[in-house]
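Put chain B on the given structure of chain A with help from the hints.
Residue numbers (the working numbering), protein chains in the order written: chain A, 1 to 114; chain B, 1001 to 1112.
Derived from the structure by calculation, the hints contain no laboratory data.
Heads up, a few of these hints could be off.
For the chain A half of the interface with chain B, some residues (derived, Cβ under 8 Å), not all of them [stated by the list, open to error]:
id, residue
1, Leu-43
2, Tyr-48
3, Gly-51
4, Glu-102
5, Gly-108
Listed next, the stretches of chain B that the computed footprint assigns to chain A, with coverage defined by at least 3 CB atoms under 8 Å from CB atoms of chain A [unchecked claim]:
id, segment
6, 1036-1047
7, 1100-1112
Think of the CB as a built atom: it goes at the ideal place given N, C-alpha and C, for glycine as much as any other residue.
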Amino acid sequence: NAGVTQTPKFRVLKTGQSMTLLCAQDMNHEYMYWYRQDPGMGLRLIHYSVGEGTTAKGEVPDGYNVSRLKKQNFLLGLESAAPSQTSVYFCASSSMTETSYEQYFGPGTRLTVT
Amino acid sequence: GQSLEQPSEVTAVEGAIVQINCTYQTSGFYGLSWYQQHDGGAPTFLSYNALDGLEETGRFSSFLSRSDSYGYLLLQELQMKDSASYFCAVRAGSGGYNKLIFGAGTRLAVHP
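Same shape as in the complex, but just chain A (with noise of 0.2 Å):
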């Protein structure tokens, strides 16, 4: 098993371009998460599903869409990117039960936007 996987690994934007990153899960999880971390703020949640369908907005929205057209990918679009949006963005998957609670997280995504 892959686990959660990310493309792409790195990314530089110029100010108003848009880019898509991608997120896989092949461990059939319900929930997926998309965060970013910024030095010393810790991870924060951008957007969130809890199905095949269905997003919901995290702590830090604003300037960012999402897509979960099928259940093994989540999908985070930048539509116009602001050097604001530079971040280190992980993608997180976990399944859903009351006893589960680890989140399996990818290996990030660096964007760069200048």
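For chain B alone, kept in the frame of chain A given last:
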């Protein structure tokens, strides 16, 4: 709102014991998780406490006091490879939903 506080940095020597504290304020609390992250890597799960008390997993232990909104991660017999950032995260929500709110992280430096 929801907030977590943990020290920004901790330094220790190999073989020692270190405790990383975490205090939180949240509604709909389910439990407290700890994650480890090495530089350039992804966070990986260490432990989870839903009930008061101590949970032990090898050299790592985690404690929770729900009445004090407080928990800690205890690392024993420190090794150089334990140098990493450690994040506490509150599991909160409703209906068993797994939403995590992370603290800013504690950077642990282990010296020879």
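Structure-inconsistent hints, enumerated in ascending order: Hint 3 contradicted; others consistent.
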